[in-house]
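Given the coordinates of chain A, work out where chain B should sit on it, guided by the hints.
Residue numbers (this note's numbering), protein chains in the order written: chain A, 1 to 256; chain B, 1 to 539.
Since the hints were made in silico from the structure, they are not lab data. We treat Cβ as the ideally placed atom computed from N, Cα and C, and that holds for glycine. Keep in mind that the hints are not guaranteed to be accurate.
Unchecked claim - Example chain A residues on the side facing chain B (calculated, C-beta under 10 Å, incomplete):
id	residue
1	I51
2	E52
3	L70
4	S82
5	E87
6	S88
7	L101
8	A103
9	L132
Unchecked claim - Listed below are several chain B residues computed to face chain A (Cβ distance under 8 Å; list not exhaustive):
id	residue
10	S316
11	Y328
12	D396
13	A400
14	L403
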Amino acid sequence: MISLKQLTKRFGTQTAVDALSFDIAGGQIVGFLGPNGAGKSTTLKMLTGMIEPSEGTATVCGFDLQRETLEVKRRVGFVPESGAVFESLTGLEYLEMVAALYAIPQEAARARIKQFIAFFDLSFETLTDKLLGAYSKGMRRKVVITAALLHNPPVVFFDEPLDGLDANAAVGFKALIQTLAREGKTIVYSSHILDVVERVCDRVIIIDKGRLLLDGRPDELVAAHGAGTLERLFTQLTGGTELERRAEDFAKTFRQ
Amino acid sequence: MTGTTSNPVPPGRTLRRLFLTLFLRGRSSRGLRKERAPKSVGSKLALTLFFYALMGLMTLAFLNQPVFALSVYLHAMTLVFLGMFVAASAGEVLFNKEEADILMHRPIPPRALLWAKIGVLVEVSLWLAGAFNLAGLFVGLYGPNGGWLFPVAHAISTTFEALFCTGCVVLVYQLCLRWFGRERLDGLMTTAQVLVAVAAVVGGQMVPQLMRGFGGKLDLSIKSWWIALLPPAWFAGFDDALAGSGRAGSWALGGFGLAATTTVLWLAFGKLASAYETGLQTLNETTSARRSGRAGRRWIDVLVATPPLCWWLRDSVTRAAFLLTAAYLVRDRDVKLRIYPGLAPMLAMPIIFLVQDQGRGGMGGFGVAFAGGYLGLIPLLGLNLLRYSQQWQASDLFRAAPLPGPAPLCHGARRAVLCFLALPALVVFALLARLVESDSSHLPLLLPGLLALPLYAMVPCLGGHAVPLSLPTEEAKSAVRGLTMVAVMLISAVLSGLAIWAWSGGWFKWLLLVETVLVLILYLGMRAAVASVRWTPLE
Chain A
1 MISLKQLTKR FGTQTAVDAL SFDIAGGQIV GFLGPNGAGK STTLKMLTGM
51 IEPSEGTATV CGFDLQRETL EVKRRVGFVP ESGAVFESLT GLEYLEMVAA
101 LYAIPQEAAR ARIKQFIAFF DLSFETLTDK LLGAYSKGMR RKVVITAALL
151 HNPPVVFFDE PLDGLDANAA VGFKALIQTL AREGKTIVYS SHILDVVERV
201 CDRVIIIDKG RLLLDGRPDE LVAAHGAGTL ERLFTQLTGG TELERRAEDF
251 AKTFRQ
Chain B
1 MTGTTSNPVP PGRTLRRLFL TLFLRGRSSR GLRKERAPKS VGSKLALTLF
51 FYALMGLMTL AFLNQPVFAL SVYLHAMTLV FLGMFVAASA GEVLFNKEEA
101 DILMHRPIPP RALLWAKIGV LVEVSLWLAG AFNLAGLFVG LYGPNGGWLF
151 PVAHAISTTF EALFCTGCVV LVYQLCLRWF GRERLDGLMT TAQVLVAVAA
201 VVGGQMVPQL MRGFGGKLDL SIKSWWIALL PPAWFAGFDD ALAGSGRAGS
251 WALGGFGLAA TTTVLWLAFG KLASAYETGL QTLNETTSAR RSGRAGRRWI
301 DVLVATPPLC WWLRDSVTRA AFLLTAAYLV RDRDVKLRIY PGLAPMLAMP
351 IIFLVQDQGR GGMGGFGVAF AGGYLGLIPL LGLNLLRYSQ QWQASDLFRA
401 APLPGPAPLC HGARRAVLCF LALPALVVFA LLARLVESDS SHLPLLLPGL
451 LALPLYAMVP CLGGHAVPLS LPTEEAKSAV RGLTMVAVML ISAVLSGLAI
501 WAWSGGWFKW LLLVETVLVL ILYLGMRAAV ASVRWTPLE
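With the rest of the complex left out, here is chain A (with noise of 0.2 Å):
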């Protein structure tokens, strides 16, 4: 479904992602990990068609990235981490908006809208009544979740979904994108709440520095490190080493 071949992203003298190469079938959920600044969200704009990779080559649903850009928009949906929306809308004109961008008639459009915040426990008059500016930070990002996936696309990009959600939400989008997974679709899901990437994720790929360090089941991994943990193999393999002892080094200089 995701074919990436030395896929590489260069701003000026730096390289931001460095030679990637994998790939995802289809039905899986991917877990995308790596360190702030590793590449995650490069990567991931790169596949949405949003930038230009600088080297290499990527297949989204069997279409090339740089040749049939916009037969790979029709088929991703993406959440970015920013979360943004226009503020001035309401989240029904927004998620609208959303659908006249891929050409979904306005009556279909109004039914996913309505399954999605039924889904999502909103009101219907909290989407037509309220402005997005006003909306709290987990409702925005529900908005912003249904406007990824309101088109239904094979393959969805997730980046940080949970952030802002409360609990039983974030229960609920874990099951969400179970169902979606078990449906077909392509999950990728970048993410620093390693835990629930561990219990979600079919198989995770862990970057640093734009370089592929891991790839593979969470749990075999886990396993042929002897880590315990994703989240202890995640800080052997990104240098986040002796966290506890600079703690209390930190911890120190206000003593002193």
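The following block gives chain B in isolation, referenced to the frame of chain A:
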């Protein structure tokens, strides 16, 4: 907590430095090439100062004028530029929504915040005023009653004028806050800025026009009681008193200017500062973000579903962009604060010319033709200003959508601007022209401008640069607006001059015919060019 041996920087100075940096650099570093973003606004400002200095060279036309006439011109133009600049910038500087989260939990008194912001506004205003008045300082040296004292006196009076201008804008905001409360401030700020911008243009234009009417020779002490009502004359009086004729009337005007400035500053920064504190504290409250009723959007929905708009907006993406733009033009505080005060002076100028046109002899109809020419330029500025939004990151949505390029989005925004900005302006101009003119025979002179309207509206779309709400707001602070305004005036003057020439020469119909053909050809060419534009790389 450990002690420190170095002296801490006073909070006031730290805040001033912070706001100046934010003003020049912008609040967000857009894109990933961050090394480019911080420089952009500073270099644009430097360029703007250069253009202001160039525009100031127009003062050379006053080389042989007495000090008062020269000063009136300089102060009137300075008031126009500063009024527009301060009115456009003050809203964002004084009431930035994100700022409350960043600063309001710090140990900073709101009054210190206010002073730091005012300091920045005054500082930048003085740069602009200084650049524009640079040539005037030297012209005054060689005037009939000028001399070495003129540059000193004019520098002082210009400083007072900058303080007066900034003080007035802040005062209007404080009064809005005090009288009407935070909930209604959003709408009032827009109205206040529009009024301030219009007042600055009208006030700035009135004195030179009146001076022209009196042949540059005003007897201040006897006939000109009304001149005391016009701020540019106060500061010009100061110059004339110190470095010109030294007449009693000039001293009176100068004294009045100083008293007015002091009063405004005392009211804005002293007496009413507590209102600012309250306003800042409630800025992030979201009660006002709720729609007032369910009808807010419906009239737009009905409008786009009704002919002729439903025929014009058949493409779903164009329609979505139209609705988005319309919603922001009606609702969004940030967009409204930029658009309407930016456009108001544009509308004020032709209205001044229309009113002046009344009773003019052989040049009858020039005001109507000028209004027509000006009209065509409203979408140019409107579309340019609509590109900026505090929610610019949300426009990533457009790039993620399966659109080959920004063309349909540009067309949606363009059509919204034509419907909601240019059309009402046309109606206002036509009504005013009908009211002012004794007969309606000159109304066809609006047509050359009207015909050029689609062309002007297409210009910002070239290169796909009219995608609505897609750029950070700080990039809008290029302050090239003053230059745009001059360009607008020049183009309008040329077009209206041509129209008047054709009208009096009896070949007006031919002008319209040739213009129609030219506009059609250019429009189709531009439309094809816009359709072929592809997204530029995001970074």
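How the hints compare with the structure:
Contact between I51 of chain A and chain B, as hinted, is supported at the beta carbon level, the nearest pair being about 5 Å apart and thus within 10 Å. The beta carbon of E52 of chain A is positioned within 10 Å of a beta carbon in chain B (closest approach about 5 Å), and the interface hint is therefore held. At its closest, the beta carbon of L70 of chain A sits 5 Å from a beta carbon of chain B; the interface hint therefore holds under the 10 Å criterion. Given the 10 Å rule on beta carbons, the hint for S82 of chain A holds: about 5 Å separates it from the nearest Cβ of chain B.
Taking 10 Å as the C-beta cut-off, the interface hint given for E87 of chain A holds, the closest approach to chain B being about 5 Å. Below 10 Å, beta-carbon pairs count as interface contacts, and S88 of chain A has one with chain B at about 4 Å; its hint therefore holds. The interface hint given for L101 of chain A is met, as the beta carbon of that residue sits about 4 Å from the closest beta carbon of chain B, less than 10 Å. Below 10 Å, beta-carbon pairs count as interface contacts, and A103 of chain A has one with chain B at about 5 Å; its hint therefore holds.
The beta carbon of L132 of chain A comes within 9 Å of a beta carbon in chain B, closer than 10 Å, and the hint placing it at the interface holds. Proximity of S316 of chain B to chain A holds as hinted, the smallest CB-CB distance being about 4 Å (cut-off 8 Å). The beta carbon of Y328 of chain B is positioned within 8 Å of a beta carbon in chain A (closest approach about 5 Å), and the interface hint is therefore held. Because the closest C-beta pair between D396 of chain B and chain A is about 6 Å apart, less than 8 Å, the hint holds.
For A400 of chain B, the interface hint holds, the least distance from its beta-carbon to any beta-carbon of chain A being 5 Å, beneath 8 Å. For L403 of chain B, the interface hint holds, since its Cβ comes within 8 Å of a Cβ in chain A; the closest pair sits about 7 Å apart.
The structure meets every hint from the earlier list without exception.
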